[in-house]
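Quick mapping for you: the protein sequence lines, in order, are chains G and L. In terms of our numbering, the first sequence is residues 1 to 716. In terms of our numbering, the second sequence is residues 1 to 73.
If you are wondering where the hints come from, they were derived from the structure by calculation, not from laboratory data. Since the structure is predicted, the reported quantities are computational estimates derived from the model, not experimental observations. Hints are supplied without guarantee of correctness; some may be wrong.
[Said to hold, decoys possible] Partial list, derived from the structure: chain G residues whose beta carbon lies under 8 Å from chain L:
1. Ile300
2. Pro303
3. Pro305
[As the list claims (entries may be wrong)] Restraint-style ranges between C-beta atoms, simulated for each label pair:
4. L:Thr8 / G:Leu308: 16 to 24 Å
5. L:His53 / G:Arg159: 23 to 31 Å
6. L:Glu10 / G:Phe715: 56 to 64 Å
7. G:Ile332 / L:Cys11: 55 to 63 Å
8. L:Cys63 / G:Ala545: 36 to 44 Å
[Claimed, not checked] Some chain G residues well away from chain L (every beta-carbon gap over 10 Å; in silico):
9. Thr23
10. Ile181
11. Asn214
12. Asp219
13. Leu264
14. Met307
15. Ala323
16. Asp398
17. Arg517
18. Ala580
19. Gln583
20. Ile614
21. Asn688
Cβ atoms here follow ideal geometry from the backbone N, Cα and C, with glycine treated the same way.
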Amino acid sequence: MAGRQQTHIPISSITTLPKLAGTVALVGPPNSGKSTLFNQLTGLRQKTANYPGVTVEKKAGRLRADKVLLEAIDLPGIYSLSPDSIDEQITLDVLLGRRADTPRPDSLLAVLDVTRIQQGMYLLRQLLDLNIPLLVALTMTDAGQRRGLRIDCEALSERLGGVPIIPVVATTGENLEQLRIALGAIFDTVESKREHSWPALRDAAQAVLNKAENSKQIDLSEIERALVDQQSILATELQQQIGESAVRELILQRRKLFDSAPALAQEARYGHAWAGQQLQGLIDEHQGLSHIGHKIIAFIQQPVPAMLLFFVVMFLVFQAVFAWATPLMDGIDTAISSLGLWVQTLLPPGLINSLIVDGIIAGVGSVLIFLPQIMILFLFIIVLEDSGYLARSAFLMDRAMRALGMSGQSVIPLVASFACAVPAIMSTRVIATPRERLATILATPFITCSARLPIYALLIGAFVPATRYVGFSLQGMVLFGLYLLGIVGAGVTALIVNKLLSKGERSGFAMSLPDFRLPNFRTVTMQLLDRVRVFLRRAGRVIFAVTVIVWALAYFPRSEAIDTTGLSGVDIEELENQQAANQLENSFLGRAGKFVEPAFKPLGWDWKVSAAVIAGFPAREIMVAVLGTIYAVGDDADEHTLAQRLTETTWPDGRLVFNLPMVVGLLVFYALCLQCASTIAVMRRETNGWRWPIIAWVYMTGLGYFSALLIFQLFS
Amino acid sequence: MTLADLRTGECAVITQIDTNDQTVLRLMVLGMVEGVTVQQGKAALGGDPLEVHVSGCSLSIRCEQARRFSVKP
Ligand SMILES: Nc1nc2c(ncn2[C@@H]2O[C@H](COP(=O)(O)OP(=O)(O)O)[C@@H](O)[C@H]2O)c(=O)[nH]1
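Here chain L stands alone, though its shape is the one from the complex:
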C-alpha cells in the first residue's frame, strides 16, 4: 500500500521509500522519512496533487511521488 492509496483523513506510518527520484529526496528533507506518521489531507482539483500532514506541516505531493512511499495504516 502506498501513500497514494490513503483516503482523506486516514493516518499511516511510512515504512519504505523509493529514493530514485529527486523530488522524493526533497520531500524527505521536509520530513517524509521512514517511521513517521502521516495523515492524508484533501486532494487538489482533479485528485492530484495530495495534501499530506506530517509533524505539524502540510506538504503538497504529486501522486507520482506519493506512490514511492510505502505505508502501513
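Looking at chain G on its own, in the form it has when it is part of the complex:
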C-alpha cells in the first residue's frame, strides 16, 4: 500500500532549519496512549506504510524536539519482550535491530500508563537493559489524579539511574513542551552509567557470546532473549548463527539459571519483584473522588447491562443510519445530479459526454452517496473500540463464543468486520488456538461490512416504505434485521467448522481489560478521517476504473441512429428512449448479461441485475456503481435517481422486475455471498493456502444463491 507522504516542515521552523538528530521509537503496552502521543508529537507530518511481508502498519513521522528534529516511529504495543503475535514480534525485531527494512532506533520513548505502572515497569526493565538512550513519558496522569494516584517521578528517575521521566496527558497535550525539551537532550544523557537489572542473566549471555563464532554481529540483548524465550523465532535463528559450541553453552547456562522451571515464569517473577522494589514507597494512593460517572461505569461494566446496552446502541445506530444520514445524502445526490446535468449541457452529445455523465458521474456518484451512512457506522465502531467497550465484550462473551467454537477474543474481529472483513481477519492473530482462529476467519465475512451498506440502503430506501412504528423507522428495522442475519450466519458457520474439525487442543484466553472511558474527540476524529480517506481512495481508483470499463461495455458497439425527421416531440422522446434501451441490450454488456440471465432468472433477476451482481464479485459495492451506469446509459431522462429508475424497471411483458420477493431475495443474497477479492486474498495469506478461501467462497456463494432462489420461488 502506498503511504501518504507528508513531510512538510512548518513555516516557523524553516528559518532555523533544525537538523535531524536521529530516530526515536515509541514503545509501550497496548492502550497506554502511544498513538495519541505520537499524533500529538508529529502532528500531520507522518506517513503510514506496511512492514514488508506482513500487514502490520508502520507509522513514521518527524517530530520537533526542542531545537532538533527526530524521526519517530510508533511500534506495535507490547507487554514484554516475549512476543505472542506477529505485531509483537515486529516490535522485538526492530528493538534488537533484526529487521532489514527498519534500522535499530537510536533512542526509545517508553510510553507508560501511570494507572498501570506495575505493568509498565515490567516492560521498562527490559527496555532499559537494551542499552539504548531512553526517556519515559508517563501518560494518563489526569486519570491517575482523579483516582488519587500520585507517583514521585523524581525519586523514581533517580532510582533508575537518571532516566528522565516526564508526566504528560497525551490527549490534551499537557506538559508536552517539557517532553520535547527532554527529547531534544535524549542523546546527551547516555553516558550516565546504568546497571543491568539482572546481572546473572547478563553474565550468562556474556558467557554464550564469548563462545559465539561471529560475536561481532550479535548483541548481548539478543542472547538474553534467546536464553529466556527458548521456543521463540529469535532463539531458533540465533542458534543457527552462533555455532555449535555457543549453542552448547546456551543450553548449559539456561539450565544453570532456570533449572527445570519455565524460563519465562522465572523472568516474570524476577521482573515483577524488581518493578515492585523500584516503586516501593513512591506511590501515594489515597481514595480518589468517587463521582456519579464511576457509578455509571461500574454499572454498565456488569454483564447483563453491558449486553443490553450493546443491542440498544446497535439498534439506534441503524435508526441513525437512515434518519441522520438522509438529509446529507439527499444533498450529495442533488449535487451529483446537477453536476451531471451541467456537464451534459456543457459538452456536445456523444461519446465523451456519455462517458463522463453516464459512466463516471452516475457510477462513482452512486457509491459516494453512501459516505454519510458509512461514516455513522464507522463512528460507532471507533467509539466502541476507543471507549474500551470492545475489549470488555471480549471478556463478557467468552463463554458464549466458546460454545460456538470461537473465543472471547473473536469478538474483536467480528465487530471490526462491521467495517471491513480484511483488517478483521488480520486481527484474528491474537487468537492463540488455531481451531478457534479458523472458525473466526470463516465467520467474519458473514458480518455485514460497510461495502454491503450501499446496496442495502439503496434497495431499502427504494422499496421499503418510510413508515414508522412506535417512533422507529421501518427501514431502520429492516436494516437491523439484515445485520442480524449476518450475525446468525457467522455463528452457524463457526459452529459447523467446530463440528467438522477435531477438538483436542487446549485453548487459552488471557487479556488485560481496559477501563471504560469517554472516547477522546481528537482520537475519534483522526481515525474517522482515516477511514473516510480509505473509502474515497477506493472510490477514486477501483470503482472509477470498473465504472469506465462497464460504461464502455454498455456503450459499444453503437447501433445506427434512427431518423426522426417528421415526427412530433412526444414521439421522438418515446423513440429515443426505446432506442437507448435497444442500444443497451445489443451492447457487449447486454449480450453478456443476456447470456448469464438464465442462471439468475429463477431468482427473478433480469439481465441488468445479473450483470451488476457478476461485476460485483471482485468488490460488492461495485454492483451499485454498475447499476448506476447501466441505468444511466439506458435512460435518457437524467434527472431520475437510481432508486427511481429501479422502481420503474419492467420485464418486456410489463411486470415489475423489482417486486418484493425479488428484492428480499437479492438482499439475502447480498448478506450471505462472499463478493470480495480482498477478503479472499487475506484469507489465503492468513490460512497459508487456497483451501479455506475456496471452501468459503463456494459455501457462501451457494448459500446466497439458494436462499435467494428459495425466497423468490416460495413467495412470488
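Given chain G, work out where chain L with the ligand should sit, using these hints.
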C-alpha cells in the same frame, strides 16, 4: 484453595502457581506472580471467565487457568 474459589470482592495472596500452561505464563508476565495480592471481580456471563484485579489492572482469566493459581486469603 485456588483463585477460582474466591468470591466477588474477596482479596487473596497468590502462594503457588502451576506453570505447565502457556496462558498461565502470559498471565504471570501481566503481573500474576507469587506474593501478589489479587482481588476477585465480577465474572462474565455464565461464570467464566473471571475478572481479576491485580496491581491496578484488570485481567480476564478463564476458570481453567484460575485453578492453577493457589491462593491464601
Ligand atoms: N485520560 C487520558 N486518556 C488518554 C491519554 N492518552 C491516551 N488516552 C486515551 O487512551 C486510549 C488509548 O490510547 P491510544 O493512543 O490508542 O493507545 P495505544 O494503544 O497505546 O496506541 C484512547 O482512548 C485515548 O484517547 C491520557 O493521557 N489521558
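Status of the hints after comparison with the structure:
{"no.": "1", "hint": "Ile300", "result": "violated (12 Å)"}
{"no.": "2", "hint": "Pro303", "result": "holds (5 Å)"}
{"no.": "3", "hint": "Pro305", "result": "violated (11 Å)"}
{"no.": "4", "hint": "L:Thr8 / G:Leu308: 16 to 24 Å", "result": "holds (20 Å)"}
{"no.": "5", "hint": "L:His53 / G:Arg159: 23 to 31 Å", "result": "holds (26 Å)"}
{"no.": "6", "hint": "L:Glu10 / G:Phe715: 56 to 64 Å", "result": "holds (58 Å)"}
{"no.": "7", "hint": "G:Ile332 / L:Cys11: 55 to 63 Å", "result": "holds (58 Å)"}
{"no.": "8", "hint": "L:Cys63 / G:Ala545: 36 to 44 Å", "result": "violated (53 Å)"}
{"no.": "9", "hint": "Thr23", "result": "holds (27 Å)"}
{"no.": "10", "hint": "Ile181", "result": "holds (29 Å)"}
{"no.": "11", "hint": "Asn214", "result": "holds (31 Å)"}
{"no.": "12", "hint": "Asp219", "result": "holds (22 Å)"}
{"no.": "13", "hint": "Leu264", "result": "violated (5 Å)"}
{"no.": "14", "hint": "Met307", "result": "violated (7 Å)"}
{"no.": "15", "hint": "Ala323", "result": "holds (32 Å)"}
{"no.": "16", "hint": "Asp398", "result": "violated (5 Å)"}
{"no.": "17", "hint": "Arg517", "result": "holds (13 Å)"}
{"no.": "18", "hint": "Ala580", "result": "holds (59 Å)"}
{"no.": "19", "hint": "Gln583", "result": "holds (60 Å)"}
{"no.": "20", "hint": "Ile614", "result": "holds (43 Å)"}
{"no.": "21", "hint": "Asn688", "result": "holds (21 Å)"}
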